[in-house]
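These protein sequences, in sequence, are chains R and F.
The first sequence begins at 39 in our numbering and counts up by one.
The second sequence begins at 39 in our numbering and counts up by one.
In case anyone wonders, no lab produced these hints; they're calculated from the structure.
Just so it is clear, the structure is predicted and the values come from calculations on it, not from any experiment.
Beta carbons: idealized from backbone N, C-alpha and C, even for Gly.
Don't take every hint at face value.
To be verified - Derived, one-sided and incomplete: chain R residues facing chain F with beta-carbon distance under 10 Å: (1) 201; (2) 202; (3) 243.
To be verified - Dumping the calculated DMTMM-like pairs for lysine to aspartate or glutamate here, alpha-carbon to alpha-carbon at most 25 Å: (4) 108(R) to 98(F); (5) 108(F) to 114(R); (6) 432(R) to 295(F); (7) 41(F) to 117(R); (8) 101(R) to 295(F); (9) 65(F) to 283(R); (10) 108(R) to 304(F); (11) 418(R) to 123(F); (12) 159(F) to 336(R); (13) 239(R) to 336(R).
Said to hold, decoys possible - Output of the computed footprint for chain R on chain F, the stretches with three or more beta carbons under 8 Å from beta carbons of chain R: (14) 132-138; (15) 266-280; (16) 294-307; (17) 327-341; (18) 374-385.
Protein chains: 2
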Amino acid sequence: MKKFNTSPISGMQELLPGLQTEFDRLKAGIEEAFHRHGYQHIETPTIDRTEILLAKAGGDTEKQIYKVVKTAETADDADQALRFDHTVPLARYTVEHTNDLAFPFKVTQVGRNFRGERAQKGRFREFYQCDVDVIGWGKLPFGYDADVISTLIDALKILPLPGDGFLVRISNRKLLSGLLASMNLEQHATDIFSIIDHAEKVPTEATQKAFTDLGIGSENVVKITTFMEIRGSRKDVVGKLLALENSNETFVAGVNELAIVLELLEGQGLGNVITADMLIVRGLDYYTGTVFETIVPDHREIGSICGGGRYENLAGNYNTQAMPGVGGSIGLTRLFYLLQNYGMVHTSELKPVDICVIPFGESEIPAANKLAEKLRAAGKSVDLEYAGKGLGDKMKYAGRVANYAIVVGENEVRSGKYMIKDLTTGESEELVF
Amino acid sequence: MKKFNTSPISGMQELLPGLQTEFDRLKAGIEEAFHRHGYQHIETPTIDRTEILLAKAGGDTEKQIYKVVKTAETADDADQALRFDHTVPLARYTVEHTNDLAFPFKVTQVGRNFRGERAQKGRFREFYQCDVDVIGWGKLPFGYDADVISTLIDALKILPLPGDGFLVRISNRKLLSGLLASMNLEQHATDIFSIIDHAEKVPTEATQKAFTDLGIGSENVVKITTFMEIRGSRKDVVGKLLALENSNETFVAGVNELAIVLELLEGQGLGNVITADMLIVRGLDYYTGTVFETIVPDHREIGSICGGGRYENLAGNYNTQAMPGVGGSIGLTRLFYLLQNYGMVHTSELKPVDICVIPFGESEIPAANKLAEKLRAAGKSVDLEYAGKGLGDKMKYAGRVANYAIVVGENEVRSGKYMIKDLTTGESEELVF
Chain R
39 MKKFNTSPIS GMQELLPGLQ TEFDRLKAGI EEAFHRHGYQ HIETPTIDRT EILLAKAGGD
99 TEKQIYKVVK TAETADDADQ ALRFDHTVPL ARYTVEHTND LAFPFKVTQV GRNFRGERAQ
159 KGRFREFYQC DVDVIGWGKL PFGYDADVIS TLIDALKILP LPGDGFLVRI SNRKLLSGLL
219 ASMNLEQHAT DIFSIIDHAE KVPTEATQKA FTDLGIGSEN VVKITTFMEI RGSRKDVVGK
279 LLALENSNET FVAGVNELAI VLELLEGQGL GNVITADMLI VRGLDYYTGT VFETIVPDHR
339 EIGSICGGGR YENLAGNYNT QAMPGVGGSI GLTRLFYLLQ NYGMVHTSEL KPVDICVIPF
399 GESEIPAANK LAEKLRAAGK SVDLEYAGKG LGDKMKYAGR VANYAIVVGE NEVRSGKYMI
459 KDLTTGESEE LVF
Chain F
39 MKKFNTSPIS GMQELLPGLQ TEFDRLKAGI EEAFHRHGYQ HIETPTIDRT EILLAKAGGD
99 TEKQIYKVVK TAETADDADQ ALRFDHTVPL ARYTVEHTND LAFPFKVTQV GRNFRGERAQ
159 KGRFREFYQC DVDVIGWGKL PFGYDADVIS TLIDALKILP LPGDGFLVRI SNRKLLSGLL
219 ASMNLEQHAT DIFSIIDHAE KVPTEATQKA FTDLGIGSEN VVKITTFMEI RGSRKDVVGK
279 LLALENSNET FVAGVNELAI VLELLEGQGL GNVITADMLI VRGLDYYTGT VFETIVPDHR
339 EIGSICGGGR YENLAGNYNT QAMPGVGGSI GLTRLFYLLQ NYGMVHTSEL KPVDICVIPF
399 GESEIPAANK LAEKLRAAGK SVDLEYAGKG LGDKMKYAGR VANYAIVVGE NEVRSGKYMI
459 KDLTTGESEE LVF
């Protein structure tokens, strides 16, 4: 007999039923939060035209995209590949269905995306992303920047995080853009954004040296460094930004936008889970205004668990109508892996089924079925055991899949009274509906 | 500017938000039914090793499988393809994780599968399948055949079907196998199964001719035809099967198994949605015992909306341990398309959001936010409108995404009293929590 390798391909998450139960609970909690906040759920195909997917991409994306081979029966189709994020298919969807959508289009997508990158612990080639986006028609008020962030905050509350939970760090790309313009350093903007994006991962001297290596004078390095160190509450940060006395138009717009977004979030009672922080710039060129990342203060080494921002134009590659947007994403597959690794998922407690009903013998099957139906009608997940040889066998099975067991024997059927056994503590008590 | 084709690739379902809401409701209802019945949810990767996926396959599967091109960074991986059903990855999963699973393994998978077949109305290349399976270790009692069927019946109740709803037609492959063996017609078994599988789609004479063309004598044709016409309640059918006085061991086993499964289902009060029907044989060789299909009696032309059966060995290609199983599947993407086509999905009523809260001006945003949070805490999906220019604009937006609207103006904030407007009827009443 041929010997097969039955492990999943490297980089693919495959969970046992107990862990899957917990993953599903978190995913459902996130989806429910998105729904509560009025985001409309859509699903785009896993497979899309390569020319659409790669219209804007370059660099890593182009190297990591999974192309799909057409079959004999689909040979007439366009070249195809697996989507690598939700944003590109959303742009295509929004252009294709423009006349059937109401703008601003508040939309959520939760599904699997694919990137064929090098195998690495904690990196996945197939991964769930949970996205919210708001797409405007022509323009989009900054209230939606706050809307996206407060929605993601509500969603993140489902996570079993320790201590102080999470903290959303917010900035606006116009601040640094404006600052650099006022110093005539626009030609180094991409490099400087990247240096600041990495500043927390390297020693301070390395950051300083990186600026000097670009040929930036010491006076300007001080200005950038002073800017980078601004963080805290809205009042503090807006005060410090104004104290820089920078009259560059873009900078001033950035201060205003940041203040509006922070004030709206504070007004929603979220002042304790947000902070303004000029170290947040986000790596991608893509973003043009509000940017945010989310950390777990008790485990800063995890990095950002949720991020996003505002972009000037969603579908600039496919049409000429300006569609500014703001969005954010939770990378659930990687996040779940991290939660497991940090011991925040208690695997021993995870049973996929609530109650296992065990008919003692064949003649008790009808009564066991009736009882199971009653428990199901009460909202419980109920398994019925038909297979074990003796009661020991059956209880062992129940202990692996369920939290509780109920044995249905002759006496129970006669009396209509059932004992429910807690399979964790071993204690039994009479079942009361 | 380059002109892009922004339509989804042919054969991919892409729904507008209203229809997606209804699709999601049906999918969630099916998943909840599976969960209530104690089936453990798992997810297998979309991409798997080609040698695993094609270990058993042949014919159409091999022609229709979507192969995936490895990227530069995944070049060391095994050859890969997209899964075309849930059963093959389940076999791999069960072998890989045997030591961590409790048997019988009651499992459900709900997700997207892929087949690159010729474009055709109502056929999909990416489609949701909603599966339940029970995998035994060595042997598996027939109670699980009934368990799978009753679980699927519970799940199908979520569908908006007309009139009498659906009917599950049940048989057992051992009956026909035994009958053919008793007539020494085993060598024609595959052909005869196929002829019976298609019998309802062709005139009676064509079926008769097909038998005759195989060289089957008229006496045997009569016997087969008599068998094919047996259908009805358990009592009727078991009586008619016994009246054939066939002592073939396989045939007798088939009668017993069918009687057990039907009796268990009747015992669960499902006698009115099931029927025994010897025309049900299922096309695939794969099945070895119980087989079932589900029709909508008021629309028989739709064909089967849910089917399945028992198989001797789930993972015979990957290991030597016998793992008999029984399972069934709802093809939700195709089913949803059919429901739409038959006018059973009322698109005009489908709004993704419950309530749209509209602050009259900027100064009412904080109060509108507080109201929205209260409504969300009460379980509602609530959108907040920041974008429209005037009230007309804002109400128009609300009418497209939500069922109700609440305008938050100066008076409302002062009095704390809000009117909620039904956007379908146009009627307003005071909001009471």
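Checked hints:
1. 201: violated, 25 Å
2. 202: violated, 22 Å
3. 243: violated, 33 Å
4. 108(R) to 98(F): With a Cα-Cα distance of about 14 Å, the restraint between residue 108(R) and residue 98(F) holds, given a limit of 25 Å.
5. 108(F) to 114(R): Measuring from Cα to Cα gives roughly 22 Å; hence the hint holds.
6. 432(R) to 295(F): Between residue 432(R) and residue 295(F) the Cα gap is close to 23 Å, so the pair holds against 25 Å.
7. 41(F) to 117(R): holds, 16 Å
8. 101(R) to 295(F): Between residue 101(R) and residue 295(F) the Cα gap is close to 55 Å, so the pair fails against 25 Å, i.e. violated.
9. 65(F) to 283(R): Between residue 65(F) and residue 283(R) the Cα gap is close to 56 Å, so the pair fails against 25 Å, i.e. violated.
10. 108(R) to 304(F): violated, 48 Å
11. 418(R) to 123(F): Between residue 418(R) and residue 123(F) the Cα gap is close to 29 Å, so the pair fails against 25 Å, i.e. violated.
12. 159(F) to 336(R): Given pair residue 159(F), residue 336(R) is violated - Cα atoms ~54 Å apart, limit 25 Å.
13. 239(R) to 336(R): Status holds; Cα separation ~17 Å.
14. 132-138: holds (count 4)
15. 266-280: n = 0 at 8 Å, threshold three: violated.
16. 294-307: holds (count 3)
17. 327-341: Violated - the region 327-341 of chain F has 0 residues with a Cβ nearer than 8 Å to chain R, which falls short of three.
18. 374-385: As far as the region 374-385 of chain F goes, the hint is violated, because 0 residues have Cβ atoms under 8 Å from chain R.
Hint compliance for this structure: hints 1, 2, 3, 8, 9, 10, 11, 12, 15, 17 and 18 are broken, all remaining hints hold.
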